[in-house]
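Use these hints to put chain Y onto chain F, whose structure you have.
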Amino acid sequence: MRRQIPLLITFAVGVIMLFEAFIPHPPFDQLNESLSITFDVLAAFAFVLGGGNLAKIHLSKISRSEPGWGYSAVTMAGFFLMLAIGLFKVGGPSGIKHALEAEGSWFQAAYDYCFLPLSATTFSLLAFFVASASYRAFRAKNREATLLLIAALIILLGRTLVGTALTETLPGSLELLFGALLAYLAWEQFRSKRWISLSLIGTVAAFVLARTLYGYLILAGGGDFYLLTVPDLVNWIMVVPQLAGQRAIMIGICLGIISMSLRLILGVERSYLGSDND
Amino acid sequence: MNEQTRRFLVVGAVGLVVVFALVWSALGQMEGFWVSGSALGAWFAAFLTLSILSFLYDDNPFYRFAESLFIGVSAGYWMVQGIWQQLIPNMLGRLAPGFVNEHLAQVPLEVDPVDRGMALVQLVLGCLLLWRLAPKGTWIARWPLAVIVGWAAGTNLTRYLVSDFTKQVSPALIPLVEPSQTAFLGIDWIGTLTALVTVFGLLAALIYFFFSVEHKGFLGQVSRGGIWILMITFGAAFGYTVMGRIALLVGRMEFLFVDWLQVIGP
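One line per chain: the protein sequences are F and Y, in this order.
Add 38 to a position in the first sequence, counting from 1, and you land on the number used in this note's numbering.
Add 243 to a position in the second sequence, counting from 1, and you land on the number used in this note's numbering.
Careful: at least some of the hints might be erroneous.
As the list claims (entries may be wrong) - Derived DSBU-like pairs: lysine-lysine, alpha-carbon spacing no greater than 35 Å straight-line:
1. Lys-231/F to Lys-459/Y
2. Lys-379/Y to Lys-94/F
3. Lys-179/F to Lys-231/F
4. Lys-459/Y to Lys-179/F
5. Lys-459/Y to Lys-410/Y
6. Lys-379/Y to Lys-99/F
7. Lys-179/F to Lys-135/F
Said to hold, decoys possible - Ranges between beta-carbon positions, derived for each pair:
8. Ser-101/F to Glu-353/Y: 44 to 50 Å
9. Val-242/F to Leu-419/Y: 39 to 45 Å
10. Ser-281/Y to Gly-294/F: 35 to 41 Å
11. Phe-427/Y to Val-306/F: 42 to 48 Å
12. Ser-211/F to Trp-432/Y: 18 to 24 Å
13. Leu-300/F to Gly-341/Y: 53 to 59 Å
14. Gly-341/Y to Phe-66/F: 56 to 62 Å
15. Trp-225/F to Phe-500/Y: 48 to 54 Å
Stated by the list, open to error - Incomplete in silico selection of chain F near chain Y, CB under 8 Å:
16. Val-53
17. Phe-77
18. Ile-95
19. Pro-105
20. Trp-107
21. Thr-113
22. Ala-115
23. Phe-126
24. Val-128
25. Phe-263
26. Cys-292
27. Ser-299
28. Arg-308
29. Tyr-310
Just so you know, the hints here were simulated from the structure itself, not pulled from any lab data.
Beta carbons: idealized from backbone N, C-alpha and C, even for Gly.
Pulled out of the complex, with its shape left as it was, chain F reads as follows:
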């Protein structure tokens, strides 16, 4: 019974929500809103549960004087202080009925001078760890990793002033770089005697380099000619290959969510119920 009733509840609620999506008539059309509020309220209860669990663990650690209990005391001090000033809205302009984030309230001060610096600095610390971890993980070991690093580098350049400055001071530098890369690839094909690849890559390289030189001639004559800039390249990456990859990932995630939802509704997936020892 301890497992069957929750499975039945999941099935009933899941099926009702499925009906709600396809039947736009009362009472189904109002169900989503009221169940959505119920979900939010239960999420708030879950925060209370999380806080209670945190207090339970750390208070027991303090009472047993386990190693590191001093840090648990700091955690509990921060937790209860935040709770007290937030629940009683200490220091607000008009008693307990003022907004939680009202100017002058202690809760807002605790947010500004404690929560915000702690969270922002902790997440900013990740910049260093992401950089060092990615250096160790990728290090351009193969073509795929190199592609990832180049894409990241172009994005970083293009979304900052460096990228704009680079192609403004050196117009056509991207084309020249791309053309040189293609020429190198064509040379590699020539050395391996792959004539079809050589003709294809060589044609593209010649076209890119010739177009750039033609552009220089036009620009030198005072004319107008479009040469690629890093911000434009970033926009193209974001709108074309990045979007294609993102769409594929989203479609994959969607299919995963559909199968997982069906597994949950039909009671095949039961891990959320925990163990039988509970």
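Same frame as chain F, but now just chain Y:
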């Protein structure tokens, strides 16, 4: 270098920063913590920022203090937000609107009986969820969890089918050749290249995710193209993540040097 020396170095570095800040404020170059409540807050925020940043050198008591405080403060913060933003207006405000309106927050006094019934259900389910903290009978908390899981499964199934499937597939179905009146051979070459990369990139990446058939031969080549497209996507996401974190770091440095130490003008 042993642990004691490292710890001594961290304490020494933090001590130096504190001494510098005290001298700097005594000279009138920045606000001392004794000047006002906001100045005291800024000093505390600076202390916490430096404590977290000290982890870049090594694990140390300052970092552990800040980390422990962060856990407690954030748990308290989200709990208070949940109570004041959800429990009081959406549940208690519907069960006892008169009391809430008089003592706690502004809520509508007229409540629909159905909403009141739902609020009662929410209260019961919430209490069952909190039963998890009780020493016995924690299995009862599975009932509200089952409601949450059932609701999420039922709504996500249809919602993601629309937003992440049909709405992603339909804009991908575009003409592969873009016509142009003025361009060479009547074809917009850039637009055509864009369409080709978009459509074939999507198909190639999807083929990479298709594990029911072995990726060899033609399928293997296409799947390899899919990996390249995915690598570009991950590269873009990685670049944006690094940028976001660096922006946060710049924000913290700005706080330390502009707002707190005031060595750089705003």
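Hints, verified against the model:
1. Lys-231/F to Lys-459/Y: holds, 25 Å
2. Lys-379/Y to Lys-94/F: holds, 15 Å
3. Lys-179/F to Lys-231/F: Roughly 26 Å separates the two Cα atoms, so the pair holds.
4. Lys-459/Y to Lys-179/F: Roughly 23 Å separates the two Cα atoms, so the pair holds.
5. Lys-459/Y to Lys-410/Y: Roughly 31 Å between the alpha carbons, so the hint for Lys-459/Y and Lys-410/Y holds.
6. Lys-379/Y to Lys-99/F: holds, 21 Å
7. Lys-179/F to Lys-135/F: violated, 60 Å
8. Ser-101/F to Glu-353/Y: 44 to 50 Å: About 49 Å separates the Cβ atoms of Ser-101/F and Glu-353/Y, which means 44 to 50 Å holds.
9. Val-242/F to Leu-419/Y: 39 to 45 Å: Violated, at about 19 Å.
10. Ser-281/Y to Gly-294/F: 35 to 41 Å: violated, 49 Å
11. Phe-427/Y to Val-306/F: 42 to 48 Å: violated, 57 Å
12. Ser-211/F to Trp-432/Y: 18 to 24 Å: holds, 22 Å
13. Leu-300/F to Gly-341/Y: 53 to 59 Å: Violated, at about 45 Å.
14. Gly-341/Y to Phe-66/F: 56 to 62 Å: violated, 32 Å
15. Trp-225/F to Phe-500/Y: 48 to 54 Å: Given about 50 Å between the Cβ atoms, the range holds.
16. Val-53: holds, 7 Å
17. Phe-77: holds, 5 Å
18. Ile-95: The hint is violated - Ile-95/F has no Cβ within 8 Å of chain Y, the shortest such distance being about 11 Å.
19. Pro-105: violated, 12 Å
20. Trp-107: violated, 11 Å
21. Thr-113: holds, 4 Å
22. Ala-115: Because about 7 Å separates Ala-115/F from the closest Cβ in chain Y, which is inside the 8 Å limit, the hint holds.
23. Phe-126: Result: violated, 10 Å to nearest chain Y Cβ.
24. Val-128: Violated. Min distance 11 Å.
25. Phe-263: Violated, about 15 Å.
26. Cys-292: holds, 4 Å
27. Ser-299: holds, 4 Å
28. Arg-308: violated, 10 Å
29. Tyr-310: holds, 5 Å
Checked against the numbered hints listed earlier, the structure breaks hints 7, 9, 10, 11, 13, 14, 18, 19, 20, 23, 24, 25 and 28; every other hint is satisfied.
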